[in-house]
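Line order of the protein sequences matches chains A and B.
When you line the first sequence up against my numbering, it's residues 1 to 381, in that order.
When you line the second sequence up against my numbering, it's residues 1 to 230, in that order.
Fair warning: there could be bad hints in the mix.
[As the list claims (entries may be wrong)] DEER-style ranges, computed between Cβ atoms:
| # | chain 1 | residue 1 | chain 2 | residue 2 | range |
| --- | --- | --- | --- | --- | --- |
| 1 | A | G304 | B | R175 | 29 to 35 angstroms |
| 2 | B | T198 | A | G101 | 51 to 57 angstroms |
| 3 | B | E220 | A | D281 | 41 to 47 angstroms |
[To be verified] Heads up, simulated DSS-like pairs for lysine-lysine below, C-alpha to C-alpha not over 25 angstroms straight-line:
| # | chain 1 | residue 1 | chain 2 | residue 2 |
| --- | --- | --- | --- | --- |
| 4 | B | K28 | A | K205 |
| 5 | A | K259 | B | K101 |
| 6 | A | K224 | B | K119 |
| 7 | B | K225 | A | K267 |
| 8 | B | K9 | A | K205 |
| 9 | A | K165 | A | K283 |
[As the list claims (entries may be wrong)] Output of the computed footprint for chain B on chain A, the stretches with three or more beta carbons under 8 angstroms from beta carbons of chain B:
| # | segment |
| --- | --- |
| 10 | 182-196 |
| 11 | 253-260 |
| 12 | 303-312 |
| 13 | 315-323 |
| 14 | 368-375 |
Source of the hints: derived by calculation from the structure; they are not laboratory data.
Glycine included, each C-beta is placed from N, C-alpha and C at the ideal position.
So you can see what is in the structure, the chains are spelled out below.
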Amino acid sequence: MGDTEFSLTFVDIIFSPVSYSVLLVTFIYATFYYTIKKGLIPLEQKHAEEKKRLEREKDELRSLFSDLDPNPVVQTDDQGYILLTNQRAQEVLRLPPEKGGLLFDLLPEIPRIDVGLYIRENRNESAELNIFGEHYLVYFRGLERLNLLQIYFNNIHELKTNELKVKELTEHMSFLQEHERERISRELHDGLSQSLTSAKMLAAKIFDIKDSPQLAPVCDELTKELDLTIVSLKDIALNLRPKMLNEFGLDATLRSLVKRISLASGKTGEYQSLGLEGRLDWKLESTLYRMTQELLNNIVKHSGAESFSVQVNREGSRVILLVSDSGRGFDFKQYQSSATLRGYGLFNLKEQVAFFNGRLEVISSPGQGTDVIIELLEQNK
Amino acid sequence: MSSVVSKRKLLIVDDHEMVRKGIWSLIKDLNSFSEFREASSGAETIKIAAEYNPDFIFVDISLPDILGTELIQKLRDSGYKGYILVLTMHDEEEYIYRSFKAGASGFLPKSSEKEEIEKAIYAIIGGIEFYIRNMNRDQVRAFIANYDEAYKDTLLLENVILTNREREVLLMLYRGHSMEEAADAMSLSTRTIEVYRTNLLAKYRCKNMQELFYLVRSNEFLLRKLGEIK
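Pulled out of the complex, with its shape left as it was, chain B reads as follows (with noise of 0.2 angstroms):
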């Protein structure tokens, strides 16, 4: 078994040498890599990843002169097609979704002990779609389809949340009241309402209050959400 994994060569991003060795000594005894590089910048690690074609690249995001996920993009662009794992000081599960969408392999924190990176690179090595420290297989696909949810905020229309006053912005609205109307009533001014309406037709992903009139109308979840239907 080490011996298929021995051959691998290694490159290791990151702009701090001492972490550079650290990683190096850190790993060296695992087996699974014969040879390493370094590069402390995106530029040579361009160079590098080129002409030393190596199977892994250990990417840390905060580098000198462009950010980590913009640099697997510009791998990936560039057409490497081995294995990226990003290793880095940052936990934020927005991290681990950046380097995800850039094209890494997996994400581990740096301060992963030596078993948990042993462990990812025989995940990847393995064809995981994307590795996250303890995470199965499913566990991530549902991270990742989370965070797409939120970004492309297709978010279902039972789970969109309404502020008290967005919800009786739009009642009175759909109730055929005016804006202004709707203003007195709740002692805001116009421009206030304004603020909720625009608010309330992001939420619903509508262009206009017809649509998201049309929305409510048809719809038995907001009619009850709205009250209008017990």
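Only chain A is shown next, with the shape it has when bound in the complex (with noise of 0.2 angstroms):
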């Protein structure tokens, strides 16, 4: 076919426009290339290492931290794994300085709560836990940024002790009041009213072989006044503590002080026992009648109603007092948050009835009536 006018030499094919356009990508991908090769990708690189370095940072910051806490601090991945523990975790808590152990294996007494919720929702919660023989208030901090739960174990147990010699002391402390009570109204009772009865039998004596008319007035005028004297002694002995509680026992104290009170303030008292009929613990006898007392005076004073019950049951170990009255009644939350809650002496019975790690319950409203029902536990049961 001879030469054809489409035959291409090697220099045409070099300065074809085709070629050109070629080139000239090839161009801009090295140039590309190498932008990418000698710019962003160390520039990543250096990012990557500068991360690394800062995170370190941090976590040897924060082990620093913890290291400087007196108090023993935890952090777990959200599998609950050992990421960190601080020397005084490793001294109290017996934890090993290398990371890994699950924390529920190497302290069975911290429950197992489901870390990976903790640090999703950031969760701050506490307990109080007893590790090794020691109170603990142990915080849990979820923190989602970091992705660790952080744990700190604050000792109380000093706090506790103390708070509960404390306690002991204040048992002590009413334990001596009511006996030195017990003793004051003994001895008045006992003592000087009953010398003051041989005076006066002695007055009448004198009475009795007066013969002088100037004598006979001033002997009857004694009488009287010693008469006077005796019965307020016996009051302020009855006050004190009533003979008749250690001799025949809460029942018959709290039916003679219903009856009492009734006659004195005009209102209608009615009482009524259950399973009474034994003796109980001094001291939950004791504790039962101020009780009554105390709110038999709120009732005399305050509520205005025509009458009030008392009454008494008592099931196995425990016993319960209701107390009620026909008052005008009180609206209860409102009386709650006002200060007079100390003048009315309620105060003081919520504390006493969290001695007995008993119950209180407070029922009224207006025009309604008060009820109060209190519970208490038996202690030697």
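Bring the two chains, given one by one in their own frames, into a single complex with the hints.
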């Protein structure tokens, strides 16, 4: 076929427009590659290295701080595996210094919480735990951003022991107080008032052998005066601590108290008991008597009630006291927040009830009267 | 008259010597007793009572080793048949009732005048069931019956006082509501409703609610009290 006009020489190809574009593209690629290789990639690496360094620093800083923390501090990952323990945690919680152990295996006293959930929700909770015989207030702090759970152990053992000591001391104090009252009451009643009674008998004797008309009115006056003194002395003794409480027990004493207050106040008082035939613990009898006395005083002073009732039920080791009145009542919620709480003596009542791990309930509303229910537990049972 | 009683022997029981002597000096002119002996404790009383066999014993409630009422019980248990007059500083009714229950013949406060003691002695010798100052036979009987009732809890249905909330709880339960429903309606806890329920059963001497419901159903007075009938 001969030469064709379509045959292309090498030169032709080199200088053809297609080649120009290929070259251009190649050049652009090369430039691009070079830029990335020399610029962006090292920057990324540099960035990653910097990040690592910062994280390490942060970890170090954190561990530095937790080492400074006088209390044990532990960090775990979202599965509960230990990431870090400070010096103190290794000492008192006997945790290994290296990371990796499962916290719940190493300290079985800690409840198995959902660590992942704590971290995701940045949850913050605390619990009182007993670890190796010491009381700790343990704070769990989930940190979502750092993806870890930080646990602080706050030793409250001394606090707890002191609290217990204070409770024991208060108990002892009230015991002493009650005993002292009993002693004074006994001395007034048995000692002083007996002497007065015999003095009165002697006065009556003089009255008998009187032969002087001037002596008669004096003797009369003397006997009356002595009578009044004896009565007021007995009242004091009774208010300090009724002898009846020791001699006949709570049932008789409450019955007598209701009768006495009923007579003195002119209100109709009702008393009823169930299962109180035997004697209760000395402390419980004193407490229940004092509480009833307090509540009845409140009723007389504040309730405006026409009638009231006292009921005591003993069921097993539970003793339930219900003091009820038909008076004006009050809004208990409002009353609770008001400053009158102390004045009305309910505050003391609350403390005493707490002492016996009991329950106090006040049920009242305006115009509906007030019921106070107190439930105490016999301690020796 | 006085010659009949003048041979009587008296034992005075009190832990205060002053009081024992005081009582004797007060009553020796009454010619009721020819002689007396003293005891300062329960143990001593039992011993002396057995050998001296007094016609009358004056006894205090507060003694160092035993309660006066327990001592009376012991004396009666040991077969002592004489008269026992409680002479004490106490004057609460509870002491009077318990003295009677223990087997005493009368009760006087120590502050009593000579004439009152004399009156008591004659009333007791005269055969009164139990002597209480300023009370006649009928009043004494009523007083004791009243206390017997309170202690035996044989109260009349009509006398049972219900508090507002007790009535409300009884009504709700009687109408067939559960304790939980009653608690909800009264905005109280179920536990509190339980306390009221226990009290209701105790007041009406019922073993369970079925028994109490039966009592309510069959008693017009109760139904009226609860407002179930007019």
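Verification of the hints:
no. : hint                                   : result
1   : A:G304 with B:R175: 29 to 35 angstroms : 31 angstroms, holds
2   : B:T198 with A:G101: 51 to 57 angstroms : 54 angstroms, holds
3   : B:E220 with A:D281: 41 to 47 angstroms : 44 angstroms, holds
4   : B:K28 with A:K205                      : 11 angstroms, holds
5   : A:K259 with B:K101                     : 19 angstroms, holds
6   : A:K224 with B:K119                     : 21 angstroms, holds
7   : B:K225 with A:K267                     : 21 angstroms, holds
8   : B:K9 with A:K205                       : 22 angstroms, holds
9   : A:K165 with A:K283                     : 19 angstroms, holds
10  : 182-196                                : holds (count 5)
11  : 253-260                                : holds (count 5)
12  : 303-312                                : holds (count 3)
13  : 315-323                                : holds (count 3)
14  : 368-375                                : holds (count 5)
Taken one by one, the earlier hints all hold for this structure without exception.
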